[in-house]
Amino acid sequence: MKNELTLLGIVAKTHGYKGELICRLEGFTTKIISDKLEWIFIKRHGEKVPYRINELNKSDDWKFILSLKNVENEEEASKLVGSDFYLIKNDIIFDEVNKLIESGLIGWKIYDKKRCAGEVVDYFDNKSQILLSVRNEKKEFLLPLADDLILNVDNKNKILSLDFPEGLDDL
Numbered sequence: 073m074k075n076e077l078t079l080l081g082i083v084a085k086t087h088g089y090k091g092e093l094i095c096r097l098e099g100f101t102t103k104i105i106s107d108k109l110e111w112i113f114i115k116r117h118g119e120k121v122p123y124r125i126n127e128l129n130k131s132d133d134w135k136f137i138l139s140l141k142n143v144e145n146e147e148e149a150s151k152l153v154g155s156d157f158y159l160i161k162n163d164i165i166f167d168e169v170n171k172l173i174e175s176g177l178i179g180w181k182i183y184d185k186k187r188c189a190g191e192v193v194d195y196f197d198n199k200s201q202i203l204l205s206v207r208n209e210k211k212e213f214l215l216p217l218a219d220d221l222i223l224n225v226d227n228k229n230k231i232l233s234l235d236f237p238e239g240l241d242d243l
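So the sequence shown is residues 73 to 243, counted in my numbering.
Since the hints were made in silico from the structure, they are not lab data.
Certain hints may be false.
Below, computed lysine to aspartate or glutamate pairings styled on EDC-like, alpha-carbon distance capped at 16 Å [said to hold, decoys possible]:
1) 181 with 191
2) 141 with 110
3) 135 with 197
The structure presented is a predicted model; accordingly, all values stated were derived computationally and were not measured.
Let the sequences and hints guide you as you build the complete structure.
Structure below.
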């Protein structure tokens, strides 16, 4: 059985002279990455090549520093910069926000206190939080998405109920 891979981001740049890499997540947070992760797949010449992980340090919510077996200097590491990276889907720890993003939120209805506030038309990863672009009959507005704001997820009907932050409940 072949393991399904999930695209998570890009190898952003080298870090130091010992072959370490800074990997940037796109649309996900580092909460999805297990501290015991053993393998990462990096796209090289059209193929997803497995690399054994020596060490992984989460530097913030959106990036991590990675040391790989057989990548031992800056020259070797620089060949990987700009490449997409993937993880085996079963190795990913999806919290509520990351589960929603992975499933695709465009077209979902957003509810606050039992009323429909609008429909998700887009979402943005601004590196400090995920923002949903929500449109209703009156306007389009941005709404932060965080685990502590999620009240209920109805996957069948594509409805997301949120506890709106103060000041947004009049939308």
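Verification of the supplied hints:
| no. | hint | result |
| --- | --- | --- |
| 1 | 181 with 191 | holds (4 Å) |
| 2 | 141 with 110 | holds (10 Å) |
| 3 | 135 with 197 | holds (13 Å) |
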